[in-house]
Structure formats: structure tokens, C-alpha cells
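Chain by chain, the residues:
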Amino acid sequence: MSFIERKNLFQQKQAEIDSLITRQNQLPEQVFNSEISGYLFFHFDEIFTGEFFEKMKSFLNAIGEARLTLAVIKPDPEEYFYRNFGKYPAVEFSVKDTSDDYLVSLEENPNDSPADALNYNSDILVLYSERLKWAIYADRNFELGIIGFKEENLKNMFMSIFGSDFVFDVKDAITEVLSLVYSHQQKGVPQDVINQLTNNYSRSAVVKTGLQP
Amino acid sequence: MKIFRCAFITLYERDNESDLDFAQARYYNFKHGRFTTVDPLMASADIVNPQTFNRYVYVGNNPVNITDPTGEIWGSKDGTVQWFDTEDAMKAAGFTAYTLLYAFRTGTNQMVALNANANVAVNVASAAAWLSQQVSWGATAQMLASGAAALAGVPVAAAALALGEILDPAGRYRTGQNLPEPVRDFAGTKQSYWEDFLTAMSKSKSNEASPPSANMQGETSPANPDPEDNKPQQSSVKDITTGRSIPNTQTNVAKSDFVKNLQANGYSTSTSKDGSVLILTKGNRRYVVRDKSNQGSPTADFYMNGRLVRKIRITP
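Just so you know, the protein sequences line up as chains A and B, in that order.
The numbering of the first sequence is the numbering used here, which starts it at 1 and goes up by one.
The numbering of the second sequence is the numbering used here, which starts it at 1001 and goes up by one.
Since the hints were derived computationally from the structure, they do not count as laboratory data.
We put the beta carbon where it would ideally sit given N, CA and C, even for glycine.
Where hints are given, some of them may not hold.
Said to hold, decoys possible - Listed below are the simulated EDC-like cross-link pairs for lysine to aspartate or glutamate, each with C-alpha atoms no more than 20 angstroms apart in a straight line:
| # | chain 1 | residue 1 | chain 2 | residue 2 |
| --- | --- | --- | --- | --- |
| 1 | A | K74 | A | E46 |
| 2 | B | K1273 | A | E79 |
| 3 | B | K1292 | A | D76 |
| 4 | B | K1273 | A | D123 |
| 5 | B | K1292 | A | E46 |
| 6 | B | K1273 | A | E107 |
| 7 | A | K7 | B | D1301 |
| 8 | A | K55 | A | D100 |
| 9 | A | K150 | A | E130 |
What the hints assert, rightly or not - So the derived label-pair ranges between C-beta atoms look like this:
| # | chain 1 | residue 1 | chain 2 | residue 2 | range |
| --- | --- | --- | --- | --- | --- |
| 10 | A | L9 | B | P1316 | 37 to 43 angstroms |
| 11 | B | P1316 | A | Q24 | 25 to 31 angstroms |
| 12 | B | I1240 | A | N109 | 31 to 37 angstroms |
| 13 | B | A1264 | A | S34 | 51 to 57 angstroms |
| 14 | A | S202 | B | G1283 | 26 to 32 angstroms |
| 15 | A | N84 | B | G1306 | 23 to 29 angstroms |
| 16 | A | E35 | B | G1306 | 33 to 39 angstroms |
| 17 | B | T1242 | A | E130 | 32 to 38 angstroms |
Could you put together the complete structure from these sequences and hints?
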């Protein structure tokens, strides 16, 4: 496990992230780049659990990869994190790391500011592995993580490892998660949010049913 | 099995915001889980230390007069407690209408019964011992929820939620989430968790120091009522958990009150450099309070031993 501290390495990570997502976009817009299709959803907060990391290691092992990158892209990595704390909000994990390593790194207080640890002050995170065949885009305000895949077999592998208790489709994302996010609003989830999210990510249902797009 | 029950001759204003059924019953029956009480607006009281019940005189070391523990109804007069077969018998004996509230004292497993109408609190540890032989601790927990709710000035559902977090062994948690070992352990941090929870859920008005007034029917009015708003300031709390989500609570408590209550309860504060994240920590408990940048309401994530166990949706 290692935090990204050198600028050139951080820039490399940013380039990798830019090959997977469009940072300027935000949910319910399409945030993934066009090569990615087929989506699964999960609860945002799952990212910060040891169980998530253990399953992620199983997934990486199953697809023959060894390293996982977790990076916060909002608040701004340079303008906020580097300027205030002299470090980038990005960590590279190995499949040899333990879930304790993972949790400790997410809890690490930058400059004795516990509220700025990655698991607290992170509005949008991206996770991916070395071959850039899949990515997670996680938005704290929507309380959702979305996994996008470039290959169908990766989706199936992810599903089999994480299970149906963990992942769900866009319909459940709206009824189970966004309904809570907007619970204080009389009209519930705004219709334009439902429409955009459904239009942009409805292919996730294909994964659950096993049907071809 | 004997049913531990007390009579309530009180009226209760229904909380229209939460639409909770508890407010409509006139009795609290432990077997049936129904409860009626006044709202004593007692958030300033510390359940841990009944001496802080500034509306009640604590007489914990006094002997308790429980004349007939096989009866079903308690009556109270001059701070004493007696059992009666019927409510009419209680009244005929000159015992006034009263409200009996319950709480658990941290670390002692002693029960405290508070006679709200007579402004007297009675330590009924012996009754608790008797009770523990008669009913399951699960049933006792329901009773405690009601008492704790009244003490904290929050709906019974709020206390039940807090207690359910600890006590409900069945299905409240997501599959695969290794959350508190179930039930029947009122000691230590688990117990103090719900006290904090209830404290945090109290609306600011309920922190007023002077006592509420009570009439002969056991109805209470809020202390120093706001002339522009005589309605008791009652927190509304709903469990809105859906599907696979972690336990979710929605409350009408304002963010500022929520934070203030926790700080008053000994939580230390840490704020992110950009001010977007506020962490309140006390021992192994942590609330992380955030505003939402979209249209969502502010949230408070509650962590126990580093694990997120509940998301509370509070009012801006």
C-alpha cells in the first residue's frame, strides 16, 4: 500500500483516470468513457469496509491483476488536498495488503485533520486496476458506486464474487438508494434524475439477467 | 407469565410529522408494546445519572413500597408505589393519576421508575429484579424504549430504533455485515450508545432547564412555552431503511441542534479544512455530519468501532 506522493506519478494516475471516465461530468450524467458499457451499482459506503477490499482482492486475483488504485477526484486533488496537506488523495494497493492496511490508509489523518481522511472527505472516488478494463465511479452525494466494465466476462466475474447482496441495477439504485437520498423531498427522486440515470446506466440490467445487450 | 404493566391516565398529542401509532394508545402494555405518556421534554436529563433529572427528586436509596407485586397496575402517592388489581381500585385508594417512565442506569442494570406527575423518581431495583424473572429481556427492552423516549423527549420509535440497533437479533442488519452481537447485554458502550442517540435526536426546545407543568390528568406542557408556538417541540424520527441499505433514520431535528446535542454530551469536534465534513467523536463512537451538494438533506453517519452502522438524515 502506498500513497501517491510524486507529482509525475500522480499525473500518470490522472491520465489513467481520464481514459476511464470524464471528470467534468457528474451523476446522473454519463461519467464513463464510451469504451465502458454494462454497469452495476452498489452502496457508496461499501467502499470503506474491509469486506469490500477482501472481495476486491478476490476479483483482482480472478482476473490476474495485482494492484488497485483508489483516487479521490473531488475535492480537487491538487487545489485542495495537495495544497493543504502536501499529498495526493490517491493510494495504490496490492493484493497482498490486508483489509486492515486498507482501512488504516483510508483513515489516515493528513496533517492531523481527521475529517480530511479519505473515507470522510471524499465526494467522488475512482477505483481501477492496472489494465484499465473496468472502473468504479463512486459519488457520495448520490450514495452510489457504479462499476463500469469494458468486457462482459469481467462483469460476470465481479457479480459472482461480490454477489447479488452487494450489486444491483439502476432500478434498485433509484428505489433503494436515491429514494433515501431524497427522502426529505415531498416528490421524492426528481424525475429528471430518474430519467437520466436510467437512460445512461440501464444496461446494468443486462448483467443481472445474463442477456446480451 | 405475568405481565408487567402500569396505568396511564394521560393524554398524548399525536406527532403528525412522524405519524407514529404510539401516540394514540392510552396504555403502555409491555406484552402488546403499546405506550401512552406525556412528553416531559427531558432531554437535559442524563439517564446515566438520575440526579440530573432536574424535574424530579431522586430518592434512589429510599425503600420502595411495592405491596402486591402480583397485581397488574401500579399506583403512586407521595413517591411511593403500590400495586392494584384495577385502575379503579387505584383511584379509589386515592392514588393520583401518574405517568411512570423507565430508564436503565448505565452499568448497574438498575431500573429507575420516574413518576412524572408527582415529580418523584423512585428507584425500583427490586422491581427490576422481579421483572427480570418474569419477562424476557427482549420485552424489557421494549419497555425501556418507551421510558427512554419520554425522558429524551423523542418519540418511542426513536428509542426503539436505538435499542433495536442493539437488541434486535433478527434481520435488522444487512447480510454479511458483522454488526453487534445480539441482545440482552445492557452493559458498557452499547448502552451508552442509545443514550447518545436519543440525546442527539432531541430538538433544541427540549433542552430548556425548567420543568414542565403537569395537571391532575397527567398532561404536561413544555417548560417556558414559546408564546408563538405552544405545541410541544417533539422530534420526529422514522426508520426509512429500504432494501439492502444500512439502517436509515430520518428526523426533523435540525443539523445545528443535532451537533449541539452531541457536543453537550461530551463529543469532541473536528472539521475538515474546507468545512464540508464535521466529525464528532466520543470513545468508539463517531458521527460524521455533512451537507449535501445536491438536493439531498444533510446526513450524519454513525460509526461504532470504526464501522458505519446507521445513516441519519437530518434537517438543514
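Going through the hints against the structure:
1. A:K74 <-> A:E46: This hinted pair holds, its Cα atoms lying about 18 angstroms apart.
2. B:K1273 <-> A:E79: holds (12 angstroms)
3. B:K1292 <-> A:D76: The hint holds at about 17 angstroms.
4. B:K1273 <-> A:D123: holds (14 angstroms)
5. B:K1292 <-> A:E46: Holds, at about 19 angstroms.
6. B:K1273 <-> A:E107: holds (16 angstroms)
7. A:K7 <-> B:D1301: violated (33 angstroms)
8. A:K55 <-> A:D100: holds (14 angstroms)
9. A:K150 <-> A:E130: holds (13 angstroms)
10. A:L9 <-> B:P1316: 37 to 43 angstroms: Holds - the Cβ-Cβ distance for L9 (chain A) and P1316 (chain B), about 40 angstroms, lies within 37 to 43 angstroms.
11. B:P1316 <-> A:Q24: 25 to 31 angstroms: This hint holds: roughly 28 angstroms between Cβ atoms.
12. B:I1240 <-> A:N109: 31 to 37 angstroms: With Cβ atoms ~32 angstroms apart, the hint holds.
13. B:A1264 <-> A:S34: 51 to 57 angstroms: holds (53 angstroms)
14. A:S202 <-> B:G1283: 26 to 32 angstroms: Hint violated: Cβ distance 45 angstroms, outside 26 to 32 angstroms.
15. A:N84 <-> B:G1306: 23 to 29 angstroms: Check passed, 24 angstroms falls within 23 to 29 angstroms.
16. A:E35 <-> B:G1306: 33 to 39 angstroms: At roughly 37 angstroms between Cβ atoms, G1306 (chain B) and E35 (chain A) fall inside 33 to 39 angstroms, so the hint holds.
17. B:T1242 <-> A:E130: 32 to 38 angstroms: holds (36 angstroms)
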